[in-house]
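Between the sequences and the hints, there should be enough to build the whole structure, so can you do that?
Those letters in the sequence shown? Residues 1 to 137, by full-length UniProt numbering.
Calculated from the structure, these hints are not laboratory results. Please note: incorrect hints may appear among the correct ones.
As the list claims (entries may be wrong) - Derived CB-CB ranges, DEER-like: (1) Gly69 / Arg22: 16 to 22 Å; (2) Asp44 / Glu76: 18 to 24 Å; (3) Leu136 / Asp34: 38 to 44 Å; (4) Pro40 / Val105: 25 to 31 Å.
Quick reminder that beta carbons are idealized off the backbone N, C-alpha and C, glycines included.
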Amino acid sequence: MPSLTPHEALIHLMVITSASDRDMTDVELARIGDVVRSWPVFVDFNRDRLIAVAQACQKALHEKEGLEGVLARVAEALPERLRDTAYAAAFEVAAVDLEMRMEEVRVLQLIRLKLDLDTLTVAAIARAAKARLRTLT
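And the structure:
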């Protein structure tokens, strides 16, 4: 299996998080698109490739290595300085519908472990996402 680019790795984590509960909602898919369109890390990514990259991730999840294989490829593709960004992107997708299911929590735990993120970094990312997504009602 070919190695991933850092952009592909970031997208794979968002797709994995969205698909974790076997229900990729329109809200989650829209958030993935928003992240790719608006986050500076994607400034030089060809947005026309987003669907193809997401489909490649789904295909890889059904291969022999499954989720563990995809996570290993993601960790290999991401430089250290992008690991917190990668987790933040995945967390955005999980939190966007204001309801985090157990499957999403478990996938985020696996991502944290695979990317070797410390507890304070993870807590800061979670708190920031929750603050951004909070509504008045």
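- [ ] State the violated hints by number, sorted upward, taking the hints as numbered earlier in the document.
- [x] Failing hint: just 3.
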